[in-house]
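Protein chains: 2
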Amino acid sequence: MKKVTVAAIQMSCTKNVQENIDKADAMVRKAADAGAQIILLPELFERQYFCQERQYEYYDFAKSIEENDAVRHFKKLAKELSVVLPVSFYEKDGNVLYNSVAVIDADGTILGVYRKTHIPDDHFYQEKFYFTPGDTGFKVWETKYGTIGVGICWDQWFPETARAMAIQGAEILFYPTAIGSEPIIQTDSMPHWRRCMQGHSGSNLMPVVAANRIGLEEVKPCEENGGQESSLNFYGSSFMTDETGAIVEEASRDKEEVLIHTYDLDEIKTNRLAWGIFRDRRPECYSIISKK
Amino acid sequence: MKKVTVAAIQMSCTKNVQENIDKADAMVRKAADAGAQIILLPELFERQYFCQERQYEYYDFAKSIEENDAVRHFKKLAKELSVVLPVSFYEKDGNVLYNSVAVIDADGTILGVYRKTHIPDDHFYQEKFYFTPGDTGFKVWETKYGTIGVGICWDQWFPETARAMAIQGAEILFYPTAIGSEPIIQTDSMPHWRRCMQGHSGSNLMPVVAANRIGLEEVKPCEENGGQESSLNFYGSSFMTDETGAIVEEASRDKEEVLIHTYDLDEIKTNRLAWGIFRDRRPECYSIISKK
Numbered sequence: 036m037k038k039v040t041v042a043a044i045q046m047s048c049t050k051n052v053q054e055n056i057d058k059a060d061a062m063v064r065k066a067a068d069a070g071a072q073i074i075l076l077p078e079l080f081e082r083q084y085f086c087q088e089r090q091y092e093y094y095d096f097a098k099s100i101e102e103n104d105a106v107r108h109f110k111k112l113a114k115e116l117s118v119v120l121p122v123s124f125y126e127k128d129g130n131v132l133y134n135s136v137a138v139i140d141a142d143g144t145i146l147g148v149y150r151k152t153h154i155p156d157d158h159f160y161q162e163k164f165y166f167t168p169g170d171t172g173f174k175v176w177e178t179k180y181g182t183i184g185v186g187i188c189w190d191q192w193f194p195e196t197a198r199a200m201a202i203q204g205a206e207i208l209f210y211p212t213a214i215g216s217e218p219i220i221q222t223d224s225m226p227h228w229r230r231c232m233q234g235h236s237g238s239n240l241m242p243v244v245a246a247n248r249i250g251l252e253e254v255k256p257c258e259e260n261g262g263q264e265s266s267l268n269f270y271g272s273s274f275m276t277d278e279t280g281a282i283v284e285e286a287s288r289d290k291e292e293v294l295i296h297t298y299d300l301d302e303i304k305t306n307r308l309a310w311g312i313f314r315d316r317r318p319e320c321y322s323i324i325s326k327k
Numbered sequence: 036m037k038k039v040t041v042a043a044i045q046m047s048c049t050k051n052v053q054e055n056i057d058k059a060d061a062m063v064r065k066a067a068d069a070g071a072q073i074i075l076l077p078e079l080f081e082r083q084y085f086c087q088e089r090q091y092e093y094y095d096f097a098k099s100i101e102e103n104d105a106v107r108h109f110k111k112l113a114k115e116l117s118v119v120l121p122v123s124f125y126e127k128d129g130n131v132l133y134n135s136v137a138v139i140d141a142d143g144t145i146l147g148v149y150r151k152t153h154i155p156d157d158h159f160y161q162e163k164f165y166f167t168p169g170d171t172g173f174k175v176w177e178t179k180y181g182t183i184g185v186g187i188c189w190d191q192w193f194p195e196t197a198r199a200m201a202i203q204g205a206e207i208l209f210y211p212t213a214i215g216s217e218p219i220i221q222t223d224s225m226p227h228w229r230r231c232m233q234g235h236s237g238s239n240l241m242p243v244v245a246a247n248r249i250g251l252e253e254v255k256p257c258e259e260n261g262g263q264e265s266s267l268n269f270y271g272s273s274f275m276t277d278e279t280g281a282i283v284e285e286a287s288r289d290k291e292e293v294l295i296h297t298y299d300l301d302e303i304k305t306n307r308l309a310w311g312i313f314r315d316r317r318p319e320c321y322s323i324i325s326k327k
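These protein sequence lines map, in sequence, to chains A and B.
Be aware that the first sequence starts at 36, since it is given in our numbering, and climbs by one per residue.
Be aware that the second sequence starts at 36, since it is given in our numbering, and climbs by one per residue.
The set of hints was computed from the structure by calculation and includes no laboratory data.
One should not assume that every hint holds.
Given that identical chains are not distinguished, each listed pair holds provided it fits within a single copy or across any two copies.
[What the hints assert, rightly or not] Straight line, CA to CA, 20 Å or less: simulated SDA-like cross-link-like pairs of lysine to any residue:
(1) Lys326 x Arg314
(2) Lys326 x Asp170
(3) Lys327 x Gly311
(4) Lys163 x Tyr93
(5) Lys127 x Arg89
Use the sequences and the hints to build the structure in full.
Okay, structure coming up:
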């Protein structure tokens with residue numbers, strides 16, 4: 036048996052970075068107190084989801100991994116609590132800005148950075164304005180408690196993300212997220228969002244963990260944003276699956292919550308092998324998928 | 036609006052080929068009477084699922100596309116009813132045997148053949164004994180009523196199958212299937228099976244249609260099968276999704292049924308484009324998926 040206890044944190048975010056870090060700190064401690072060893076925070080939890088509007092000055096939010104407040108803070112906490120923390124942050128590398136995750140191991144060392152591969156662009160999810168598509172490729176991380184893959188939000192809609200991490204040996208897939216209402220197309224994407232990831236989980240025979248934010252975030256019209264007035268209602272609904280894609284833990288749409296679940300990675304590996312999916316893949320037939 | 040009405044047929048199969056063809060004929064007529072234009076029959080419906088046991092003489096079941104009884108029969112029926120029929124059959128091509136589908140257009144012409152890419156192998160699903168992995172690659176077919184992709188059973192567990200057909204312009208994905216109990220690992224794979232395909236549907240923003248068989252099929256021990264005694268209980272549960280992976284029609288586990296649903300392919304295409312998945316793919320990052 037190789038048991039690991041995993042947590043997903045669902046929280047709202049204010050406009051104050053320190054407030055958000057303090058809240059995340061408290062929720063990570065709560066998860067660790069309950070036995071969690073790998074703890075997932077939502078995407079870009081240091082701030083409200085600034086991509087709702089276009090403002091040049093928000094480029095200043097991006098910092099190098101050494102200078103980012105959340106990474107600096109949670110390196111220390113990871114070591115103190117002996118927990119693994121994938122920390123989402125807005126990364127500046129020279130003149131290029133990315134939507135990134137620093138994967139912090141249980142001794143506080145940074146195992147490395149993954150940069151979001153797929154960048155969305157819709158009326159109030161204007162990420163192509165802020166983020167260059169990631170150049171790291173999909174990665175997995177051998178942490179103290181297991182080999183994990185981390186994708187970031189929009190990545191979670193792409194079967195390629197999950198498969199690439201699974202092929203590299205991931206045992207659990209993590210997705211920090213910021214997703215909510217669709218004011219223009221007026222659809223509730225929540226069940227669709229879950230089904231895609233449940234599918235990745237079932238097709239790759241491994242758990243998926245998604246942590247989303249909650250709360251209404253409003254944009255007031257101003258000269259800098261071109262007079263945009265809008266709001267997004269982030270729908271929470273964070274969840275965890277077993278290796279068949281069944282939801283084993285799930286959060287509400289509107290409350291701050293810590294989800295916790297214990298997996299037996301050896302049992303899951305046995306099921307994964309018994310099911311034969313990776314034995315029966317035909318990479319020579321998949322060239323259309325990677326065709327440029 | 037580009038409306039198309041689709042049917043999935045769920046049936047049990049006997050050991051008598053003509054009986055199964057007659058039953059399938061009656062159910063196709065029933066679906067067509069109800070307005071169906073593309074009608075999916077289950078995998079290898081001409082016989083009981085012979086792959087439950089290994090018998091050399093069963094190789095004789097394989098016939099060329101010109102000689103196969105079901106293909107010959109349903110070519111005529113497709114023309115008579117003006118319906119599209121993907122027909123699953125055991126194909127002999129020279130000395131090589133495949134698990135294939137002949138896609139018959141509404142005028143009775145055969146648009147071509149797809150040969151199952153992924154071949155399973157488990158205690159009582161011994162397909163590697165009977166079928167060479169397909170050499171056609173994934174294909175889509177421009178039928179009278181829309182562009183369709185067809186995968187076969189085990190293919191439905193692989194996100195690569197669905198994605199490859201979606202990239203080529205599929206509007207609906209079809210999966211003829213024969214799946215049921217797992218006597219050794221004793222798991223009910225039905226919800227897992229559905230979730231994988233619901234994931235493909237949601238991730239590719241297109242409907243998925245799966246037709247499975249029902250019924251208990253028993254194998255008696257004999258010298259030819261090495262003394263195997265076993266049974267498989269095929270669990271039906273055929274279903275159809277919308278383009279978000281939500282199930283819109285579903286069958287029972289144990290009754291013969293015809294599922295029927297009407298889709299608006301133009302509306303689905305609009306939603307697919309609005310969602311931006313195919314815009315934001317990064318094929319240059321997917322080489323690990325097609326790496327030999």
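Here is what the structure says about each hint:
Taking CA atoms no more than 20 Å apart as the test, Lys326 paired with Arg314 passes between copies only; the shortest distance there is 14 Å, against 23 Å inside one copy. Taking the shortest Cα distances, Lys326 and Asp170 sit within 20 Å of each other both inside one copy (17 Å) and across copies (19 Å). Taking the closest pair of Cα atoms, Lys327 and Gly311 come within 20 Å of each other only across two copies (18 Å); inside a single copy the shortest separation is 29 Å, beyond that limit. In the homo-oligomer, the alpha carbons of Lys163 and Tyr93 lie at most 20 Å apart inside one protomer (13 Å), although the nearest pairing across protomers, at 57 Å, exceeds that limit.
Taking the shortest Cα distances, Lys127 and Arg89 sit within 20 Å of each other inside one copy (18 Å), while across copies they are farther apart (60 Å).
In summary, the structure agrees with every hint in the numbered list given earlier.
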